[in-house]
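Chains as they are written, first to last, in my numbering: chain A, 11 to 186; chain B, 863 to 1518; chain C, 599 to 706; chain D, 2 to 388.
Because the hints were derived from the structure by calculation, they are not lab data.
Fair warning: this is a prediction, and the values are worked out from it, not measured in the lab.
Do not rely on the hints blindly, as some may be mistaken.
[Unchecked claim] Calculated lysine-lysine pairs in the BS3-like style (CA-CA distance at most 30 Å, straight line):
#1 B:K1325 with B:K1185
#2 C:K691 with A:K94
#3 A:K94 with D:K75
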Amino acid sequence: MASESFLFWLVALLTMAGALMTVTLTNPIFCALSLAVTMVGVSALFVTLDAYFLAGVQLIVYAGAVMVLFVMVLMLFDLKHEVKAFTRGIFSGALKIATVGLTAGLVSGAIFATMRVSPPTGEPHLAPANDLTAALGQLLYSQYVFGFEALGVLLLVVAVGAVALARSKGGTHAGS
Amino acid sequence: MDAQFFLIVLLFSPLIGFLINGFRYRHHSANVAGIIATAAAGLSFLAALALVFQLVNFAADSQAGTSAVHRRLAVDLFQWLDVGLLKVSASFVIDPISAIMILVVTGVGSLIHLFSIGYMHHDAGAAKYFAYLNLFLFNMLVLVTGESLPVMFVGWEGVGLCSYLLIGFWFTDEQKAAAGMKAFITNRIGDAAFVLGMFILFFAIGSLSFQTLNEGARRFADEAPLGWLHPITLATLFLFIGATGKSAQIPLYVWLPDAMAGPTPVSALIHAATMVTAGVYMIVRLNALFMMAPLTMMIIAIVGALTAVMAASIGLTQWDIKKVLAYSTVSQLGYMFLACGVGAFSAAMFHLMTHAFFKALMFLGSGSVIHAMHEEQDIRKMGGLRKALPITHATFVLGWLAIIGIPPFAGFFSKDEILWKTFSSPLGHPLLWVVGAAGAMMTAFYMTRLVALTFWGESRVPKGVHPHESPPTMTIPLGVLGVLSVVGGWLGIPHLIGSAMPFHTDNILESFLAHSIVPLPGGESSDSSLEVGLMLTSVVLASAMAGLAFLFYAKKSTAPARIAEALGGFYRLVYNKYFVDEAYFRALINPLMRASQKLWYYVDVSLIDRTTYVLSDTIRGGGSFVRSLQSGNLQQYALYIGLGVVTVLSIILVRG
Amino acid sequence: MQGLESFFEVGLNHYLILSTLLFACGLAGVLLRRNVIVIMMSIELMLNGVNLSFVAFSKYMAMLEGQIMVFFVMTIAAAEAAVGLALAVAIFKRFREVNIRYFEQLKG
Amino acid sequence: MGQDFVEVSINVLKLIVIFLLIVQAVPVLVWLERRGSALIQNRLGPNRVGWMGLMQLLADAVKFLFKEEFVPEKGIKVLYYAAPVVALIPATLAFCAIPLGHPIKVEAFHMLGHSWGPYVFPFQGYDMNIGIVFVLGVSSLAAYSLLLAGWGSGNKYSLLGALRASSQVISYELALGLAVVSMVLFYGTLNLSEMIRQQQGVLVFQAFGQMISVPWLPNWGIFYQPIAAILFFAATFAESNRLPFDLPEGEAELVAGFHVEYGGFKMLLFFIGEYGHMMVASALMTVFFFGGYQIPFVNPDEVYQNLTLSLGSSTLASVVTGFLHHLVFFLKFAIFLWIFIQVRWTLPRFRYDQLMDLGWRTMLPWALGNTMVTALVIFILNRSVGG
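Isolated chain A (complex conformation) (with noise of 0.2 Å):
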């Protein structure tokens, strides 16, 4: 139990450092870097959790594929450190914070008001993780695979959109 409590606080801790650094870095590269080392983190939770066909899809879809993307267009944009990187406003900027801050402790307070209420049954139900993927693959293939279709439909429909929108000269302002 400890070996595992030690990997949850490690891996809470890199992946909080990580998410931190994305919103306080100024420069925009070390932001997508440091969003990357949290979805590996958010991967490693997963397996604790025993979801690791889902680690494995984070690690794909997230960490090697949409997070890279980011990088690349940054990149490309050769953007550097930014001089303004946050919105100006004291007032809107106290609001903001306070907002982000009320809906965590909020949202915390729920946690552990349903906690005293009914605390957590701490030992997990499920079958082993191989099992686990043939089950997920069962339910994604039955119960919900309309939203399976919907999902593919939408992926080619972005694939299109997303195409589009980049080889366009500038929208509206083309050649002006």
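Given the coordinates of chain A, work out where chains B, C and D should sit on it, guided by the hints.
Frame of chain A; chains B, C and D shown alone:
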């Protein structure tokens, strides 16, 4: 093959023709488009023949020997409307009534398509013209075969649209475009009444299918006689107003003479043979319902008789060859309504059919004349065309004999049946007969005048115009229609004459229609001596008037001018069509426009606009404040979302 | 002693709190940053936070539906990233910068 | 990691050994590559230092270690240093998940007054149920090292090289992934050991309602999925940035691609990463399509039983079996590595647009089609079996 197949061919072959020509109207020459359109119409005619053949055999198969057979081919294509209680399926029915109509529509229609190939030869928009013509045919067929009022209404509106398009076919001429608009708007008044009638019927009977309507009408038989405010009376009255719009009766007939602005074959097809008879057809279709409402019947008879005589009197004075024919059409339609009004529905159908033949013939003949005269329509500038246009003349004379009611031409039988029924029917009245007979006399006079001025006497053709006979595509339809104008009437030879003939041809048409039409309550009066007497009277009167007109116009008499002078004001009144158009303008249209102007100024500008300005200023003031919230700054929006989340979460946490 | 116990006994709540914190970080990024791409990355961060809670619930409630949901969220996130980046590229081509404020005039 | 001290320590040891194996294999491969290319090009190649020039490796290593340390002026130091390290991670992590030999069973024994075991040591870094997903996931991180290097060097050419490389890697990952998907469909498992287990014996398959057996062919994946094999192998060339897909390095246009600013030991680390990719690719080829560590036609369990009978000790027999099979694996593995080298010195380089065309317009459709056909065939066969 079953009825469904033929019905689909019947309906859709013109539609497909329309689509082909309509989509490629820029690329098809007059010949190509005309052949496509004529082929479509011809195919439709063949399907109609097949259907009618089936319908006739129906009788022989099932109940040989009896005359009253329930002949009916119904085809249900799909469920069209299903809204609450209203369920309408796109179903079509072929029964004796619609059988006559589809034969007339597709038969005469095909001939006129053929005629149009020659007539529209030089027109640049010929393909468009043929596309419209085919579309018209489709809509007309939907109208006549539709099994319920809504389906009929689709066709009803469709033919109205095509009529509008074809009247204003040469839309670059402002007057012609205006004529199209006039027709459309006048029809719209009738259509509104038609729709109101449908609403009332649905309210009263709960269905709009003809069968249920005609059966449902019997429910009210106990309540007879129905008063003015009874739903059936109201509904039939509204439907009749709809019919007056489509069929050009008083008070909505004003559009039809103007509709002559369209190409002449269109006048023949739409404004003489088929579309304008839709009102008559509709009343015959719902005969059981109309029979339930004697008050409506009375109105129909009176309106029909008045229209017949009034239009005929206008026809006496017109100089435009097509205008004369147009008023003649209005007058003949009046006869049909008169027949409907006295309960002689089969006579109305009979006259509808014969009229379709001879009036289409005369219109096409006039088209041929106009074509020969290089678009000249004034009969004062014609005369003596007999030599130049022998075929046209011969066929036109056949039509003339038919319309003035000389036996054994078609018009004689049908008109005489109407007059006899007007006299003898329990719903009729001798006074109506007198009016009808007067109309018949005038008809004889003005038609003779027309023929005499156009074809006979001396030539008044201006120099430089060399009339020539039309090409075969135009003369063949004339010939066919000429034959039909002669023999068409033999389908309905009255019992009286029929029994005297060697082969004992009874009134075929009446027995064919027998089951579809409610018999008159009082039964047939069979005073044969009176019938013969009336028949002879009308023939003699018509011949006399025709002779008079011949003397006046063919022999270059000054009598007409003197009579016109003697009548003075009355002549001018008639010549100017009783100033009906002007009266409408003065009594209805101008006051309406002035009132609308006043409404616009006092209500719209002063009241509503001012109020809305105040309101809008207030709202704009408020809006500019609220706008600052919606700045387009995405992060601000995200903040709102966040604040919303916080609020909802706090509420949840505080409450639970 | 209770605190120490909660340190060693990692349970559902730990994951949920972590997920909340990730979400809050992402939210802060969305609200406060100006660079469109960073904002999109913050959105990904929020989605990851939510995903984490889904998987945690899936384990502790023994229901696979949570993982299905994560699967869907990931796909949609990838799609969103693709479109978002395409937009960012379009904006960058026009303004040579990717500030969020350029998205205000939707006419471009 | 294990139940007690012995198991944990052996497992940790195993990881270290495998890591060292990768790192140490690189000089050998470099030597092989140089000698091989010389052979192909009818030259001598390195032959001065030591026997057959084998000591050249050591000399090279020393040279790398003692080169001057420098950071480009406009580079970003953190990223510049991180890139070579990151380059090493994916390959090593992925290689650890590949079974290299038959698992070793150790009977219970007494030592230091305790009774230990029995143990089963898989002949690999770690046996994962989702093995192939893990391998793919970890390999997909390889793009980062390229990007970090390219960006961190602060050099146009390295950035261009990095962008080329990473987009190439991403593009070919699709075809690669789809080829793997068809293999996963075929085997019905994500576990690499299980895949190997399914390739035992002779080629046997069910068709037209009867079992067809081909006694002169082993039951290898390549006979079921030849298209997937070709696609997979071709895609791995692109993934490891080897010729004919070594566009990122195109000397003529980009000097040396993303590692133009690197030298010395950092350069060596990139080399190790590249060769590591090659090794992972070869190992995966072996596992997917050529029966993994199994001797053709021979069941490893039978080998183990026969050895147990002849040697007397089951533990010893198990160890011998494991290493015997590892040797077999190594042989197959070496053949693929040689093919990598042979291809590098045989084929010319693609142009960049040709490369992208090949990836997106040729390999991706084929891979998609192959996957669909595979799925359909499996569906139909399952139905006919079930029905």
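Looking back at the hints listed earlier, which ones does the structure fail to meet? none
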